[in-house]
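Student: Fit chain B to the known structure of chain A by using the hints.
Sequence lines, in order, name chains A and B.
Going by full-length UniProt numbering, the first sequence opens with residue 1, and the numbers climb by one from there.
Going by full-length UniProt numbering, the second sequence opens with residue 1, and the numbers climb by one from there.
None of these hints come from the bench; they were simulated from the model.
This one's a predicted model, so the numbers in the text were calculated from it and none came from an experiment.
Virtual Cβ for every residue (Gly too), placed ideally from N, Cα, C.
Relax, there's no trap hidden among the hints.
With a cut-off of at most 25 Å between alpha-carbon atoms, the simulated SDA-like pairs for lysine to any residue come out as follows:
hint, chain 1, residue 1, chain 2, residue 2
1, B, K63, A, G5
2, B, K205, A, V42
3, A, K56, B, K63
Stretch-level coverage of chain B by chain A, calculated; a stretch enters the list once three of its residues show a Cβ under 8 Å from a Cβ in chain A:
hint, region
4, 62-75
5, 105-114
To spell it out: a stretch of chain A is covered by chain B in this simulated footprint if at least three of its residues, at any positions, have a beta carbon under 8 Å from a beta carbon of chain B; those stretches are:
hint, region
6, 56-62
7, 94-108
8, 111-123
9, 325-335
10, 405-416
Given next are the chains, with one letter for each unit.
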Amino acid sequence: MSSTGMERLLRQAREIQDGELSKFCARITKLLQQQDSGAEAVDALQRLLLILSATKYRRKLEQPCMNLLQTTLCSTTAPPQLQLLCAAILREMAPVEGLALTCEQAHNSHTLSLVASVLLAQGDRQNEVGSVGRHALQLLEARPPEGPGPRLLLPVLSKVVSLSPGILPEAQVDLLHRRLVGWLRYASTQQGSAQLPGSGFSAARTRQPGLVTEVDGSVATDFFTVLSTSQRFTEDQRLNVLVFSMLRTWLLLGLPAGLTAVEADDRSELEGSTQSVLSAASATASRLLPPQQQLRAGAFEYCQRILEQSGRRALRRADSDLQKACLVEAVLLLDLLCRQEPSFLYPTLPCLKALLGRLGGDPKQARTLLPVARFLLSHGEAAAVDSEAVCRHLFTSVPAELFPCPMLAFELVQFCRDSLHILGPGLGLLKPSFPNLLKLLAWHSPALTSEFVVLLPSLVDAGTAVELLHALLDLPCLTAALDLQLRLSPMTSEWPLWDISLRPTSCLEGFRDPHFQPLFQFLLRSKAAGSTLRLAPLYRLLQPLAGCARVFQCAQAVPTLLHAFFSAVPHVADAALMSQLALALLERSGSLFPVPQYEDRVHRVLSTQLLGLCRLRPALVVELARDLLGFAGSVSGIRSQEPMFTAVVWAAGEYLTVAHDRRCTVEQVTRFFEALEALLFEVTQSRRSASPPQCQPQVITVLMTTLTKLASRSQDLIPRVSLLLSKLRTLPVGPGDEDTDAVRTRATELTNLLKMPSVAQFVFSPGPEANSSRFHRDATTALPLALRTVSQLVDRETSLLPA
Amino acid sequence: MRPPATSPCLGAMVHAFLIHTLRAPNDKDAGFCRVLYSCVFGAEKSPDDPRPNGAERDRLLRKEQILAVARQVESMCQLQQQASGRSSVDLQPPSSSDEPMSLHDAPHGAFRLAAGDPFQEPRTVVWLGMFSLGFALVLDAHENLLLAESTLRLLARLLSDHLRLLAPGTSLLLRADRIEAILTRFLPHGQLLFLNDQFVQGLEKELSTAWPL
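Chain A with its partners taken away, still in its complex shape (with noise of 0.2 Å):
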């Protein structure tokens, strides 16, 4: 069907009138009466679930049509598909107030199942989950063996005690325990045997099927796994799949709450002698050991002989994919039984050494390297050399090789991102690899920005801030390196991972260019240089793929991570390190990979960390007036950069003051002063011309603001800017032009203010004691006495200049 073909059927199903749906319920109600309605009840209940699906509102069903859907959800004679849909819709509409179904309503476990999905989506508003544990628990045991009912409920079980952990009854999970390990250990290594039609009659003659196989096609040689294949399965082999695949949630929220202390004194007793280091690592040798603890026990040798089934060489793809998946789950389960029983550390590290030796530098096996790296750093001084070269390999070769993968990437900073509490030595490792864990970032943007703007802090480190800092402004020209990379390294994979829609050959001669030779090799580091290099030549070689969609998204997200990037810098600079952070942003705003728009995006973030370490630190202002200077004298800054030409000479008139830092000369005062009433004339002549561009009206009252509050300082100056501002006060005004309007006005108030000396040092450089809050409160000295004094004064004096 075509997607207008689904919209015109999904719009028909949410605009359907509530009269035309209370006659379609009727009509249902009947058919569902019908004992042999077939196809026109599943078509007509199809529809129905249509309609309740396609809008978020809720849609009111006629009572008798809803306890008709709950009758033939328990009913034993009902087809399974009827049963099917009605499960749907009512989990479709949950919750649902007045819900009549009930557990004791379903006879068998298929039933069980299907209205354990109903009752779970209800919210627990009314106990339901614990109501359908203890059900599917009574049918479990009133069971016999065979037959699909352990197969159908113990998914119930695990959902349930994933929605409440511990709310199953202690002594029935007890039993249920055995069973469990029953089903693990001891299921039957036959494969299952086709049923032939008469096979009673023929037992004899049936041909034995022979023993399951590992996934290379060799005999199995130990207990039947999930690795286990067979040309057909027997139910208790079924149930081998299911139990290990609940097991980790099962182990850790299927226990009864409580228990917990009792088993804290068993553990103490066990954890002695080294006969208990025996006893709990085989399921087979102690049958005596408490349910829970056999259950481990059994847990341990199925991990045990996954680990070894996962070395074999599958014959097919999908097996070798399952075996990556199996050692993953494989070592998470260690990991929690480690946890809960510390006797368990000690022989499963020789077997994860072992297989740390056995996936080693493979690049297929990076995914499953993670949890190992992070069993080892959990578990501490026990294996501490090993897991520092896990993250070596982890930090350094994975990233730079497989950086494409979007799982590894995502998978690889999550393991940053949640090991960082447990990282220890570990971190050492991490922060200098920075630029690695910055190519996935590069390529994988979209995805990857939310992650790192939580990582980031904890990746700043007073010795690598500033070149960090300039690889975050250079990762748009990291992404375009990274595709460079791409096309010129020998492919890995059927389909091409390079932006297909371009073919940037200019660049890719650059790349192999020697001239670029080390500006390339330095962009595409492993590791933290030390230094810094300009990158700026690369700009005008990568030009081209400026616009790649890859390379805008990578620019979109860099703002949000200088943010990030800034929040962690007050926590690890000292002054040295903000006077060079403060010096690389004046240089960078200048110096930027020209992706479209994002100049614009990251000079408005320069700006405002800018000051924001201003802020932090004043006396910054002071030492580098001679680099501000430099910036702000220029008129080109004003055009091309004029959120960061702006933030500096505010920054000039804020903190270039002596109560601020007392090396500040009068000097310094006036040739800022100087510079900057160059500046203004220059500025306010090309106004006067209005030729394009102008000036943005900002930019001029700041420029006034500041050399008023200059020369506020040196009262000399006070003539000069004076003469300044009557200038600007007399500019022409044309009809709608508020920007002179407010240029105009501003120089009024700044004239004003000038009138009074030293109430206009006062205003202009009240100090840093002015951020306290005593001078707010204290009403003889408060700033609000002396602003209101001020304003009647002015109102005063306005009144009497001519209008």
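Tutor: For chain B alone, kept in the frame of chain A given last:
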């Protein structure tokens, strides 16, 4: 460094599965992203809410959460397609008709949803794009993603085969019974299963017997 708060759900369980429309990256007038099928496995416990119509609000929230996931998956898929330079939703390399369809090269990925946005708990979404449909699994935050990814591929392949999605004129709508039948066997109550290839074949045979094409 404060350790992350342990989520109560740390097993191989799925919170929701959904199928939605996937529009081409550059197609601006193609309407809205529509959820064509969704199944939530068990609801989060609703907070004690003295206001009336709490049930209705819960349902509304659930529907909006699913729609939010669908929109984000669509956006991620479109961005990924654009980044690879593919403008149309041509999502498969041309393969010979004999080989089973390999979904390893279809656009896919994962992303994380923070707590409260839109689910109460932090969750991970694994997604896959096939033809003009998006498939997604909403999982707990710490999951076996290798298993989730292969399960999602399996579900997409099964749905495509058993609902004949490639044939012209067929659609997912009004076929919920078959979708449910597939889910009950391969993702019962949201339980991810470790199924080897022959096991899958066995289950598929059962499915075809019970639900002939």
